[in-house]
Each structure stands twice: as structure tokens, then as C-alpha cells.
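A.B. asks: So in the numbering used here the end of the sequence shown lands on 538, straight run, no missing numbers.
Simulated from the structure, these hints should not be mistaken for lab results. One should not assume that every hint holds.
Said to hold, decoys possible - List of simulated lysine to aspartate or glutamate pairs, EDC-like, C-alpha gap at most 16 Å:
hint : residue 1 : residue 2
1    : Lys106    : Asp90
2    : Lys48     : Asp38
3    : Lys444    : Glu338
4    : Lys255    : Glu226
5    : Lys13     : Asp39
6    : Lys180    : Glu458
7    : Lys142    : Glu72
8    : Lys142    : Asp63
9    : Lys441    : Glu415
10   : Lys99     : Asp130
11   : Lys236    : Asp252
12   : Lys116    : Glu72
13   : Lys94     : Glu72
14   : Lys106    : Asp130
15   : Lys255    : Glu282
16   : Lys13     : Asp38
17   : Lys124    : Glu113
18   : Lys444    : Glu409
19   : Lys395    : Asp422
20   : Lys222    : Glu338
21   : Lys492    : Glu458
22   : Lys108    : Asp90
23   : Lys94     : Glu137
24   : Lys124    : Glu56
25   : Lys159    : Glu1
26   : Lys258    : Glu282
27   : Lys222    : Asp177
28   : Lys395    : Glu415
29   : Lys108    : Glu137
30   : Lys99     : Glu137
31   : Lys180    : Glu202
32   : Lys118    : Glu56
33   : Lys142    : Asp90
Stated by the list, open to error - Simulated DEER-style distance windows between Cβ atoms:
hint : residue 1 : residue 2 : range
34   : Ser425    : Arg524    : 21 to 29 Å
35   : Lys441    : Gly117    : 46 to 54 Å
36   : Arg482    : Arg386    : 47 to 55 Å
37   : Gly233    : Ser383    : 27 to 35 Å
38   : Arg254    : Phe413    : 45 to 53 Å
These numbers come from a predicted model, not from an experiment. All C-beta atoms in this analysis are idealised placements derived from N, C-alpha and C, irrespective of residue type, glycine included.
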Amino acid sequence: ESQGFTDLLLRLKPDRFTHLIDAVALYRPGPLQSGMVDDFIARRHAQKTIEYLLPELEEILRDTYGVIVYQEQVMQIAVALGGFSMGEADVLRKAMGKKDPVLMEKQKIRFLEGAKGKGISRRKAAAIFDLMAQFGEYGFNKSHSAAYALLAYQTAYLKTHYPVEFFCALMTSESGDTAKIIRYMTYCRERGIPVLPPDVNESRFAFHPSGQAIRFGLSAIKGVGEAAIEVIGNAKEEEPFATATDFLSRIDLRKVNKRAVESLVKAGALDSLEPDRGGLFERLPSLMEAAQEAARRRGSGQYALFAGSIVTPSAREPEKTSSPPTWSRRERLAHEREALGFYITGHPLDEYPGEIELFANAVSSRVSSMGSGTEVRIGGIISSLRQKTTKQGRKMAYLQLEDLEGVLEVIVFPEVFQQSQDALSCEGPVFLVGRVESEDKTVKVIATEIFRMESVRERLARSVHFQIYTDRMTPADILDLRKMLERNAGEKRGFLHLVREGEYEAVLALPESHGVAPSLTLARELRVRFGYDVLRLH
1 ESQGFTDLLL
11 RLKPDRFTHL
21 IDAVALYRPG
31 PLQSGMVDDF
41 IARRHAQKTI
51 EYLLPELEEI
61 LRDTYGVIVY
71 QEQVMQIAVA
81 LGGFSMGEAD
91 VLRKAMGKKD
101 PVLMEKQKIR
111 FLEGAKGKGI
121 SRRKAAAIFD
131 LMAQFGEYGF
141 NKSHSAAYAL
151 LAYQTAYLKT
161 HYPVEFFCAL
171 MTSESGDTAK
181 IIRYMTYCRE
191 RGIPVLPPDV
201 NESRFAFHPS
211 GQAIRFGLSA
221 IKGVGEAAIE
231 VIGNAKEEEP
241 FATATDFLSR
251 IDLRKVNKRA
261 VESLVKAGAL
271 DSLEPDRGGL
281 FERLPSLMEA
291 AQEAARRRGS
301 GQYALFAGSI
311 VTPSAREPEK
321 TSSPPTWSRR
331 ERLAHEREAL
341 GFYITGHPLD
351 EYPGEIELFA
361 NAVSSRVSSM
371 GSGTEVRIGG
381 IISSLRQKTT
391 KQGRKMAYLQ
401 LEDLEGVLEV
411 IVFPEVFQQS
421 QDALSCEGPV
431 FLVGRVESED
441 KTVKVIATEI
451 FRMESVRERL
461 ARSVHFQIYT
471 DRMTPADILD
481 LRKMLERNAG
491 EKRGFLHLVR
501 EGEYEAVLAL
511 PESHGVAPSL
521 TLARELRVRF
531 GYDVLRLH
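Full structure from sequences and hints, please.
C.D. replies: Rendered as C-alpha cells:
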């Protein structure tokens, strides 16, 4: 499913299983760089005439449109035209793979002699051998290609017809790779498959289907080990947990320690019992102390003796909190990421859909398919940052930028590092401009600019355009718009588009002395007052 292989399939347009086998064999550096792939596709779509030097070749090469794709085809030609035994043909195959000129010359002499015995002219036999050597250099083992193609077909079938089960298994197998988990979650959500957070009542050990959704397993939570998960599982089998107090009173807090419980709260695994994560987190010490005291009393027999005086009637009733949540949305997401390694119930970038849509030209999962030197513009969160001092005593940094699709490695050299201190020190989303650098299958981005997401419109927008529908806006609306522009004065050139749908659109340039700052403040004011389609940036 790499970008390159996807492009190959779009061009090839496979309509039978053997085409998948061909695609696997063709998608390698040799065939791609030699023009062999282009030749194969052109012949496949009848854009190029298929010709055979001898009629005997048609039976061997018909399925691959006259192109030698497989090592087995080289061997078949050697047997059919050169009189080789299968053992001798295998020696020829190995010689082509090793590119040994001395051995190849011996094989060529042997082939020409065998072809002569079959009545084939020396000129035509030499041309066929050279063709074998040319394509045989890139030939792939067909049995290997068929096995890979079958596995790919089976995988694609499961992904198409059983997507929930498929992605549960996939995410479980890749649970240690944060970047892949993020990418798979985004893929699922884009296709309408909900990814639900862990839950002490609903979750199992690993990812599992929950109706038409995917439920996170408790094993995904940092600090919650197998022993703790087993304790929670055994307790909920008796009866689902009703409240946070009920949960704490029924589990063995020696095996589910304080750190594990805190991680459960941060990950949202207790949301169904107490939705206010911040409030519950603050009350945990007292709640756990009370649960431990109750456990001690039960162990010493005091619980039964004084049951009438120490029963907690609210233990089975939903807990109610009158105070507002003590964690802001950003704090809640930060704790969620701390406990899981990624965000589930939201993402800081969700607050800036316009910035991403208007100004980004890539997501992390697609950068690897962009050519080296290509400019990349991408938004994300700095998930890790490591500073380094150069030999000249200047500071630079290596950072990881996380977006909705995965994680990107970024290098920030001294000059950009010095200019970007404000963005590098902020906890919120940032916007990065840089260039792709590919080397030895490793893809990184060399940063040229990094700034806070809030300033992306002001930094990157060259001009600001306001769509004014003349049949909808009153003189009072126009006056309000003028006041908004005065409050958000800046350096960008402004343009008014006076529109009457179906009739005309007149464009008026605002005076250069009345520049505009395309800030979030302006965007939000316009959105509230006039709707989403008023502001456009170019």
C-alpha cells in the first residue's frame, strides 16, 4: 500500500490474479529504473505492439505480454531454444543473477550451439540471448512473487470485507509502533469505523471488535501490566463496575497499584464510571485510601462485624460531581497521550482544520513518497525534541512531529533553530515548512521555518479575499465588516469579491494602506457573523 505500489496498480489496472503476481515481480528498483515497467504496462493496454523474435517464445511469454519478467521464463527459453537441461538452465539463471561476464560468455556459447542444432540462425539466437541477459538481470522468482501476491490478495479481501476484525488484528500486531497505530486509527475513522478508548468494563487485553467499532485493549495503557489486567478482568466478570468507588473497592490494589490506576484515568478507561478525569484524578488518593481501609477491615473480619456502621450506600450508585471538569481539553488530551502514546478522543490539530486544509501540502505518512528536495508544508505536535550543540558552539535540534497520520523525523539546523524558539518551546500545534531529504530508505525533513499554528495564516497567506453576497448583506453588515478589518489591520493585501449568484462577481482591491492580518481572531469573527464561506486565502 505504499504510494509507489499504489501508483503502479492504478497504471496496471489488474483484473486477474496473475496481474498481481506480475506487479509484485515488477515493483523493484531494476525493472522500475530500466523502463521495463513502462514497457510492460504499455503492452498490457495495447499501447505498444507485442512482438516475438520466434514463434516458440509466444507460449512462454504470452502471459507477460512478451516481456521476460521471471527467472523461470529465462530457464524455459534456455530449454526450448538452447537445448539446455533444467539443471543447465538453472546454472544460466544463477550466472545472470551474479552478472559474471566470464561465466555468461560460456553460457552464451552453449546457448548458440544448442540453438543452431534447432535450426535457429546465429544472429537471431544471439539477439534472444542478449534479451534474456537484459531482462534476466531483473528477473524475479515467480513462485516467490505468487506467494506474496496470494498473501496480499487474502489480506486485501479481509480488509475489504471484515475491516473491523482486520484492523483489530493489525493494530494488535503493531501495538509497539506508535506511528503505525496513529495511521491505522486515522484510516479507520476516515472510513467510518469508530476507534473507542479503553474501558475497564468493555476492554479486553488487546484490540477487539465492539459491534462495528474497534475497542482499545487495556494492554495499550502504559503502566498497566498483565497482572493488573487479569485482576480487572476477573472482577468485572462477576459484575460490571458501576462507579469509580465500586471499581477501586473490588480490585486488588496491591496488583493494580496507584500508577496503574492513574494511567487508567488518564487514558479514559474510567470515563464510563466518572467522565470528569481531572476531578477523579484529584480524588484518587482519598478514594484509594478508603478502598484499602475497607479491604483491611474485610481481611481482619471487622467488615462483617460492623457491617451496619460502615456500609457505603453510594458505592453502587453513579457518582455525581457538581464542579466543572478540572482538566481543559488540551490537558485532557495531553494526559491521554502520556498514558497511551497517542491521542484517541481528539487531537490538538482538530482546532485548526482550516489551517491544515488551506496551507498544508502533505501528511506524515505521505512524505516518504515525495521526492528528495520537495518542499513540504505540514502541521503537527512536537512529540519529542533533542537539542545538540555543533562544533561551532551553536544549538540545533532533532525533533519528531506528530500529525493525524503518524510521526515525522525533522532536523532543525542552527539558523532555523534560533529563529524558531517560540514555536519549539510551545506545547500546542506548530506548522513546519521544510524540504524532504531521502537517504538509504530513511526520510527526514530539513526545517526551513517553524512557527505556531495560530500564526500560519499571517505567515503564509499572500492575500486575503472576502466573498460578499450583495443580495444577503445589509449596510449594517458592511459596516461591521469594515470594523473587523480595522481591528485586524496587517500587511496582507485585501480583496472584496462582490457576488450576486448566477449574475456577476466583481473584484475590488482594498487600498494598500488598508492591509489585513489573516488571523484566527478575524477568521472566527467572520465565521460567527457571516458564515464559513466569507474568508478565502491565496
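A.B. asks: Now, for every hint given, state plainly whether the structure supports it.
C.D. replies: Status of the hints after comparison with the structure:
A hinted pair counts as satisfied when its Cα atoms are at most 16 Å apart, and Lys106 with Asp90 qualifies at roughly 14 Å. For the proposed pair Lys48 and Asp38, the alpha carbon gap of about 10 Å is at most 16 Å, so the pair holds. This hinted pair does not check out: Lys444 and Glu338 have alpha carbons roughly 25 Å apart, beyond 16 Å. Of the pairs offered as hints, the one joining Lys255 and Glu226 holds, with about 10 Å between alpha carbons and a cut-off of 16 Å not exceeded.
For the hint pairing Lys13 with Asp39, the CA-to-CA distance comes to about 15 Å; that is within 16 Å, so the pair holds. Simply put, Lys180 and Glu458 have alpha-carbon atoms about 33 Å apart, too far for the 16 Å limit, and the pair is violated. A threshold of 16 Å between alpha carbons decides the hint, and for Lys142 with Glu72 the separation of about 7 Å falls inside it, so the pair holds. With a C-alpha separation of about 12 Å, the suggested pairing of Lys142 with Asp63 holds against the 16 Å cut-off.
Straight-line distance between C-alpha atoms of Lys441 and Glu415 comes to about 27 Å, which puts the hinted pair past the 16 Å bound. Proposed proximity of Lys99 and Asp130 is supported: the alpha carbons are some 13 Å apart, at most 16 Å. This hinted pair checks out: Lys236 and Asp252 have alpha carbons roughly 13 Å apart, not beyond 16 Å. Pair hint Lys116 plus Glu72 does not hold up; C-alpha atoms about 22 Å apart against a cutoff of 16 Å.
With a C-alpha separation of about 11 Å, the suggested pair Lys94 and Glu72 falls inside the 16 Å cut-off, and the hint holds. The suggested pairing of Lys106 with Asp130 holds, with an alpha-carbon distance near 13 Å, which does not exceed 16 Å. Taken as a hint, the Lys255 and Glu282 pair is broken in the structure, with Cα atoms around 21 Å apart against an allowance of 16 Å. Only pairs whose Cα atoms come within 16 Å are accepted, and Lys13 paired with Asp38 is accepted, the gap being roughly 13 Å.
In summary, the hint linking Lys124 to Glu113 is supported, as the alpha carbons are separated by about 12 Å, within the 16 Å threshold. The straight-line distance between the Cα atoms of Lys444 and Glu409 is roughly 5 Å, inside the 16 Å bound, and the hint therefore holds. At roughly 15 Å between alpha-carbon atoms, Lys395 and Asp422 fall within 16 Å of each other, so this suggested pair holds. Our distance criterion of 16 Å between C-alpha atoms is met by Lys222 and Glu338, whose separation comes to about 8 Å.
Distance check on the hinted pair: Lys492 and Glu458 sit about 8 Å apart at the alpha-carbon level, within 16 Å; holds. Restraint check for Lys108 and Asp90: satisfied, since their Cα atoms lie roughly 14 Å apart, inside the 16 Å limit. For the given pair, Lys94 sits about 10 Å from Glu137 by alpha-carbon distance, which is consistent with the 16 Å threshold. For a cut-off of 16 Å, the pair hint linking Lys124 to Glu56 stands: about 13 Å separates their Cα positions.
Using a Cα cut-off of 16 Å, the hinted pair Lys159 and Glu1 holds, with the two alpha carbons roughly 12 Å apart. Proximity of Lys258 to Glu282 is assessed by CA-CA distance (about 12 Å); at most 16 Å being required, the pair is judged to hold. Restraint check: the Cα-Cα separation between Lys222 and Asp177 comes to about 14 Å, which is no more than 16 Å; the hinted pair holds. Restraint check: the Cα-Cα separation between Lys395 and Glu415 comes to about 9 Å, which is no more than 16 Å; the hinted pair holds.
Annotation: proposed proximity of Lys108 to Glu137 holds, straight-line Cα distance about 15 Å (limit 16 Å). Restraint check for Lys99 and Glu137: satisfied, since their Cα atoms lie roughly 7 Å apart, inside the 16 Å limit. Simply put, Lys180 and Glu202 have alpha-carbon atoms about 24 Å apart, too far for the 16 Å limit, and the pair is violated. As the CA atoms of Lys118 and Glu56 are separated by approximately 11 Å, the hinted pair is consistent with the 16 Å bound.
Of the pairs offered as hints, the one joining Lys142 and Asp90 holds, with about 14 Å between alpha carbons and a cut-off of 16 Å not exceeded. At roughly 25 Å, the beta-carbon separation of Ser425 and Arg524 lies within the given 21 to 29 Å, and the hint holds. The given range of 46 to 54 Å is respected by Lys441 and Gly117, whose C-beta atoms sit roughly 48 Å from each other. Look at Arg482 against Arg386: about 49 Å separates their beta carbons, and that is inside 47 to 55 Å.
The given range of 27 to 35 Å is respected by Gly233 and Ser383, whose C-beta atoms sit roughly 31 Å from each other. Taken as a hint, the range 45 to 53 Å holds for the pair Arg254 and Phe413, whose Cβ atoms sit roughly 51 Å apart.
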